[in-house]
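First to last, the sequence lines map onto chains G and R.
So this note's numbering is basically just the index in the first sequence, starting at one, shifted up by 128.
So this note's numbering is basically just the index in the second sequence, starting at one, shifted up by 128.
Just to be clear, a hint being listed does not mean it is correct.
Said to hold, decoys possible - List time: in silico BS3-like cross-link candidates among lysine-lysine, alpha-carbon distance up to 25 Å:
| # | chain 1 | residue 1 | chain 2 | residue 2 |
| --- | --- | --- | --- | --- |
| 1 | R | Lys-179 | G | Lys-172 |
| 2 | G | Lys-172 | R | Lys-130 |
| 3 | G | Lys-172 | G | Lys-130 |
| 4 | R | Lys-179 | R | Lys-130 |
| 5 | R | Lys-245 | G | Lys-245 |
| 6 | G | Lys-130 | R | Lys-172 |
| 7 | G | Lys-179 | R | Lys-130 |
| 8 | G | Lys-179 | G | Lys-130 |
| 9 | R | Lys-130 | G | Lys-130 |
| 10 | R | Lys-130 | R | Lys-172 |
Bear in mind the hints are in silico, worked out from the structure with no lab data behind them.
Residues per chain are reported as follows:
Protein chains: 2
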Amino acid sequence: MKLPVSTEWLLHCATSLAQLEPGTTASAAQLAEYYDLPAPYLAKQLQSLVKAGVLSATTGPRGGFRLAREPAEITLLQIVEAVDGASAPYECREIRRQGRGALPAEECRQACILAVKMAEAHRVWRGSLAAVSLADVLADLPPSAPARTRSLLTGQTRPPGEDALR
Amino acid sequence: MKLPVSTEWLLHCATSLAQLEPGTTASAAQLAEYYDLPAPYLAKQLQSLVKAGVLSATTGPRGGFRLAREPAEITLLQIVEAVDGASAPYECREIRRQGRGALPAEECRQACILAVKMAEAHRVWRGSLAAVSLADVLADLPPSAPARTRSLLTGQTRPPGEDALR
Numbered sequence: 129m130k131l132p133v134s135t136e137w138l139l140h141c142a143t144s145l146a147q148l149e150p151g152t153t154a155s156a157a158q159l160a161e162y163y164d165l166p167a168p169y170l171a172k173q174l175q176s177l178v179k180a181g182v183l184s185a186t187t188g189p190r191g192g193f194r195l196a197r198e199p200a201e202i203t204l205l206q207i208v209e210a211v212d213g214a215s216a217p218y219e220c221r222e223i224r225r226q227g228r229g230a231l232p233a234e235e236c237r238q239a240c241i242l243a244v245k246m247a248e249a250h251r252v253w254r255g256s257l258a259a260v261s262l263a264d265v266l267a268d269l270p271p272s273a274p275a276r277t278r279s280l281l282t283g284q285t286r287p288p289g290e291d292a293l294r
Numbered sequence: 129m130k131l132p133v134s135t136e137w138l139l140h141c142a143t144s145l146a147q148l149e150p151g152t153t154a155s156a157a158q159l160a161e162y163y164d165l166p167a168p169y170l171a172k173q174l175q176s177l178v179k180a181g182v183l184s185a186t187t188g189p190r191g192g193f194r195l196a197r198e199p200a201e202i203t204l205l206q207i208v209e210a211v212d213g214a215s216a217p218y219e220c221r222e223i224r225r226q227g228r229g230a231l232p233a234e235e236c237r238q239a240c241i242l243a244v245k246m247a248e249a250h251r252v253w254r255g256s257l258a259a260v261s262l263a264d265v266l267a268d269l270p271p272s273a274p275a276r277t278r279s280l281l282t283g284q285t286r287p288p289g290e291d292a293l294r
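In isolation and in its complexed conformation, chain G is listed as follows (with noise of 0.2 Å):
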């Protein structure tokens, strides 16, 4: 039972994200960049970001990616299950049903006990991630991680003044 390594990735860009100023993007390759991730296949996932509606991508030269939505209206839910699907871990093919020991169909009409107990399980696994969002997760970071962080996600291509300057 393994999430795909991008969930790291997507969890610490949308993070970032979160730290930019209102109204500023970062591109794929300037958060390739940042944490040092291949940067055609870090594109690819945070377009599901887009798709799942925690991430919107504006294009042209200035374009990127930024929070479709407030840090605290988007959870690590959101993101894990952009990246991995919503699909549960444990599957039931009733097998129950099937075999010698098949039971009849009278006795079938309630969900077998062990996929209910799976299933509860699941729950409560979402339900732990559900009750996390992006604001609480800043929250956690030192007062002087966003500033570090724009500076070095976006800073370098777009200082203060750099068009002036050249």
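Following the hints, put chain R in place on chain G, whose structure we already have.
Only chain R this time, still in chain G's reference frame:
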């Protein structure tokens, strides 16, 4: 994030073994026939439950598998982790320490908040499955289940008086 298909097999096999009379066993072949499962692969998987201390295996002509402990002492978590291992689905590769945005070591003394929250979700998942024992599962079955299971799982190959009739 998927559990192996055999997770369902072993949860059901352990539940069936929990319904046998004390001292009796069922073979991998009997369990495979009972649930219409591939016997050689099931046998291998049952060994993982033996390794985990959930089942004991006895050899010889009447040999087979039985619970190694009381049903109340065996949890769904033990069975699931016997099949799939106990490692957490989220892997933190510390990407916060790499790339242009790499955090200095002194800012990484504490675990990454994202890794902490992902670990917490895994902890509640484990807790949910650890809270359900095979005794709880048995308590949810209809009262007629144990007699039916015994008869169909081990009855046909060893009915009372079988040897005398042949």
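Hint by hint, which ones does this structure get wrong, listed from lowest number up?
Of the numbered hints, just 1 does not hold.
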